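S.K.: Kindly generate the complete structure, drawing on both the sequences and the hints.
Chains as they are written, first to last, in the numbering used here: chain L, -13 to 193; chain R, 48 to 271.
Read the hints as simulated data drawn from the structure, not as lab findings.
Check before you lean on any hint, since a few could be wrong.
Said to hold, decoys possible - Quick list of the computed label-pair ranges, beta carbon to beta carbon:
1. R:164 x L:26: 46 to 56 Å
2. R:147 x L:106: 26 to 36 Å
3. R:183 x L:93: 18 to 28 Å
4. R:103 x L:98: 32 to 42 Å
5. L:50 x R:165: 38 to 48 Å
As the list claims (entries may be wrong) - Derived EDC-like pairs: lysine to aspartate or glutamate, alpha-carbon spacing no greater than 16 Å straight-line:
6. R:102 x L:16
7. R:102 x L:20
8. R:194 x R:216
9. R:102 x L:141
Keep in mind the model is a prediction, meaning the values are calculated, not measured.
C-beta atoms are modelled at their ideal positions from N, C-alpha and C, and glycine is treated no differently.
Below, each chain spelled out in residue letters.
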Amino acid sequence: MYPDPTPLPSSLDAARIVSNSHQPSNEPMDWAGDMDAVARLRDRACFLRIYDHFMPRLCVYLRGLGVPEAVAEELAQECLLRLWLRAADFDPAQGALSTWLYRIARNLHIDRVRRERSWMQVQAAVEQAAASDGDEHSSAEQYADQARLRQRINELPAVQARLVRMSYFEAKSHGEIAHALGMPLGTVKSHLRRAFLQLQSKVGGAP
Amino acid sequence: MNPHHHLHESTLMSYAAGALPAPLSIVAGVHLEQCRHCRQRLRDAEAIGSVLLEKTQPPPPDARREALRQAMLAQLDVNEPVALSVATGSPPPARQGADPDALPAALHPYFGDSLAHLRWRWMAPGVHCIRAERMPSLIMLKIAPGKCLPMHSHGRNELTQILRGAYNDALGLFGPGDMADLDGEVEHQPVTVPGVPCICVSALDAPLVFSGWLARKIQRFVKL
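M.R.: Quick look at the structure:
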């Protein structure tokens, strides 16, 4: 729905677009309607649309965190079963469906694989406090925010993009990143800070 | 509560990524419990994770995925309406404001639920502490009013959340609800304000073994 800001594609871009045409679902989507049908009508076709989109992505994410294929599949299945069971808890005004699922997958991984007992307790306390924040946006605004954020992530300088990726997709601590890249801890933190500010400047609206 | 000192952006990202070591995530959680501003920024940080999730390029469907899909469909039949009402992990009702000595919920498993019941141990003149059981790098500190702590730095990430009282250092005045998010390169010399003791909860990052660190560093620079 949002305008494509890219100019006419070069032949190289065109080739890439053609090769991507088998996966048209790779563009961000607005799932609010499907989620509503799952919650109110227990609509399986809508559920399966969500399932088919997110199941393989959740597996890729969990594999990246270093869990074996079978465990990744098991956790991804559990994420989506939770979505089916708790669809009524999903509030599109509070955030995108992908953020909701991301949080569930992250929490499951920390709880089941890393077995950090403290995490779920801390999460519960933070979510309890957040429940009264009343910070709501329309589903269309959320969608536009996600699209802008996606664009912004594509534009991150290479070093920042790498550190963001290591944080989110390998769940490496700052100390581990500093160690792996031979970079001072303070430099890791300041790169990540710059990346966050650059991404955030678009999330809330005007830069 | 309206804190003036917040979590560093990189700490928020690390928390959102599930990459913050456990003791640090507990102290960060205490701040998030008390700071709406940081909760909003945390949402932005989690949105980054969700966009990266969306951007992954999964392999095309195969027989294995079809089998998983069928297994999921079978699960939907079994799990239809009953479990719907079972909200696992729902937090206990908040009792905030009821008890002035109440500790933040994230600390309950380690220090109990009340400041009044803490059993402090002497650490140094004017300084008492309690180390969390099973998590030695999570520590509560009580520093006497008007006390000047020696100049120090930590060499590692350190998060400190102020629960009571206040202290001053080169970075400013830190009072209840404030977070000192220090990256280990900062040297500081906190001086607690007169009046009440300063009570805070603090966590240090685990020490890393830097074997072959210099070699690695040189190698990286040559590659870049």
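S.K.: Of all the hints given earlier, name the ones this structure violates by number, lowest first.
M.R.: 4 and 7
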